[in-house]
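Visitor: These protein sequences, in sequence, are chains A, B and C. For the first sequence, the working numbering gives the first residue as 1, with consecutive numbering after it. For the second sequence, the working numbering gives the first residue as 1, with consecutive numbering after it. For the third sequence, the working numbering gives the first residue as 1, with consecutive numbering after it.
Incorrect hints may have been included.
Unchecked claim - Straight-line C-alpha distance at most 25 Å; calculated DSS-like pairs for lysine-lysine:
# : chain 1 : residue 1 : chain 2 : residue 2
1 : C       : LYS107    : A       : LYS74
2 : B       : LYS101    : A       : LYS71
3 : A       : LYS84     : C       : LYS20
4 : C       : LYS20     : B       : LYS101
Stated by the list, open to error - Pairwise CB distance ranges, derived in the manner of DEER restraints:
#  : chain 1 : residue 1 : chain 2 : residue 2 : range
5  : B       : GLY87     : A       : VAL167    : 32 to 38 Å
6  : C       : GLY99     : A       : PHE99     : 36 to 42 Å
7  : C       : GLY99     : A       : ALA106    : 42 to 48 Å
8  : A       : THR59     : B       : LEU96     : 34 to 40 Å
9  : A       : PHE99     : B       : GLY87     : 44 to 50 Å
10 : A       : THR59     : C       : ILE106    : 26 to 32 Å
11 : A       : GLY114    : B       : GLY102    : 44 to 50 Å
12 : B       : TYR25     : A       : TYR102    : 26 to 32 Å
13 : B       : MET85     : A       : GLU126    : 39 to 45 Å
14 : B       : GLY3      : C       : THR51     : 44 to 50 Å
15 : A       : ALA86     : C       : ARG104    : 18 to 24 Å
16 : B       : LYS9      : A       : VAL101    : 56 to 62 Å
17 : A       : VAL156    : C       : ILE106    : 26 to 32 Å
18 : A       : ALA106    : B       : PHE94     : 48 to 54 Å
Think of the hints as simulated: they come from the structure by calculation, not from any bench. Backbone N, C-alpha and C fix where the C-beta goes; we use that ideal spot for every residue, glycine too.
What follows is each chain in one-letter form.
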Amino acid sequence: MTELYLLLILMILGAIIALEARDLLSAIISLGIVGFGLVLAFLVLQAPDLAIVQIVVETLSLIILIAAILKTSKEDTTEVFGWKKACLWTGGLIFLVIFMVYINQAFKLLPEFGFPIMRMAGHYLELGLEKTGAANLVAGVILDFRGYDTLGEATVLFTAVMGVIVVLRKIGRIK
Amino acid sequence: MKGMTLIVKTISKLIAGLIFLYGIYVVLHGHLTPGGGFAGGIIIAGAFVLLVLAEGSDEFSTEVKKWRASLFESLGIFIFWFLAMLGVFGGTFFFLNLLSKGRPFRLLSAGIILPCNIGIGIEVGGALFAIFITLAVLKGKGD
Amino acid sequence: MIYLLCALLLLIGLYGVLVKRNLIKIIIGLSIMEYAIFLFFAVIGYREGGTAPIITKGFEKAIFVDPLPQALVLTAIVIGLAVTALLVAIAVRIYEKHGTFDIREIKRLKG
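Kindly generate the complete structure, drawing on both the sequences and the hints.
Guide: Okay, structure coming up:
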């Protein structure tokens, strides 16, 4: 899976640039690199349903972020200098090394990459077509076997949109 | 924000209809090919976003559009809840797949999955268009 | 080895949320953390030599990848978009009231 490793390295580089860029527009476009790299990773991992949803969600998320930038400031003017930055980077590197050591111990307990334990999924794959009648097994899982999760997700989306409309009303401008 | 040039406006009026049709196709074939309610709903919202971006937001009133988009969003989630409650009205469990399963690989199969996809598509399309209208037509600091 | 690179992406996002002082950079860091988690779930579900879990005519008995993590990630992607939109709305409101995105300047209560 060398293409998967290359895509992951591209995503990590894009993420570092997205956080360290001074101009906010460049940072948001680098976030777009991470998102579209994720689309290619989903296609390599044989998940076309996720790739379609991620590509449209990424486009809309970039539109929303850029629309917020254009109305407000365009540059990140906050930065630390001097000894504070050195302390921050040293502490960060020590935390990174300790975290990686411990999470390597935890990842050794997971099944090997490419051979998952499919206890419930074997049952869904064999009996999915005759129990739900859907040829797309992922749609059958999210709307028939696990329909409550989809109901909860629709409710969360509805609540978030209500929150956006309420927060950005014209009434209540202080100052 | 100002609108774009005449060429962009003409082309976007032609293409927005095609994008809307493609979104409806992705929603309706959610149980046969990859896609489904969420991806198709966002594509439907994308067609309207294209029209708003090409025309510019100075020229139409956004209050009416926001009210109509949230009407579609509420309608969508009401359809989804009603289909889930069909089981309770019939006397059995909540969210039971009780329409006929049909023959596989056809459009009218898979019981309750097709109307649920339509409901979710309407809801997600209305929700994302409402978010875009609210965020993108604010009065910025230069207006 | 793939899992370690996913954990590295998660840590980069965590650095963005904790250390950066601009609100938009904090939102970008949260989005990067979400992408790392989606990638981790998709990697867990992969099966050697498998294809996408969609049954077509004539291929009813092929080897499929795991459809359960894909269902979880499908829900999570849309919820991530909703949370990002709400955060951006609140950030725009904060900018209208205080004039800056710096989180050190907005800590004082008025009145």
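Visitor: Hint by hint, note whether the structure agrees.
Guide: Status of each hint after checking the structure:
1. LYS107(C) with LYS74(A): Cα-Cα ~22 Å, so holds.
2. LYS101(B) with LYS71(A): 51 Å, violated
3. LYS84(A) with LYS20(C): The given pair, whose Cα atoms are some 13 Å apart, holds under the 25 Å limit.
4. LYS20(C) with LYS101(B): 53 Å, violated
5. GLY87(B) with VAL167(A): 32 to 38 Å: For GLY87(B) and VAL167(A) the Cβ distance comes to about 37 Å; the hint holds.
6. GLY99(C) with PHE99(A): 36 to 42 Å: The hinted range 36 to 42 Å holds for GLY99(C) and PHE99(A), with Cβ atoms some 37 Å apart.
7. GLY99(C) with ALA106(A): 42 to 48 Å: 45 Å, holds
8. THR59(A) with LEU96(B): 34 to 40 Å: Between THR59(A) and LEU96(B), where Cβ atoms are some 37 Å apart, the hint holds.
9. PHE99(A) with GLY87(B): 44 to 50 Å: 47 Å, holds
10. THR59(A) with ILE106(C): 26 to 32 Å: Given a distance of about 31 Å, which is inside 26 to 32 Å, the answer is holds.
11. GLY114(A) with GLY102(B): 44 to 50 Å: 36 Å, violated
12. TYR25(B) with TYR102(A): 26 to 32 Å: 48 Å, violated
13. MET85(B) with GLU126(A): 39 to 45 Å: 31 Å, violated
14. GLY3(B) with THR51(C): 44 to 50 Å: Taking Cβ atoms as reference, GLY3(B) and THR51(C) lie about 46 Å apart, which means the hint holds.
15. ALA86(A) with ARG104(C): 18 to 24 Å: 20 Å, holds
16. LYS9(B) with VAL101(A): 56 to 62 Å: 59 Å, holds
17. VAL156(A) with ILE106(C): 26 to 32 Å: Holds: the Cβ-Cβ distance is about 27 Å, inside 26 to 32 Å.
18. ALA106(A) with PHE94(B): 48 to 54 Å: 38 Å, violated
In summary, the numbered hints that this structure violates are 2, 4, 11, 12, 13, 18.
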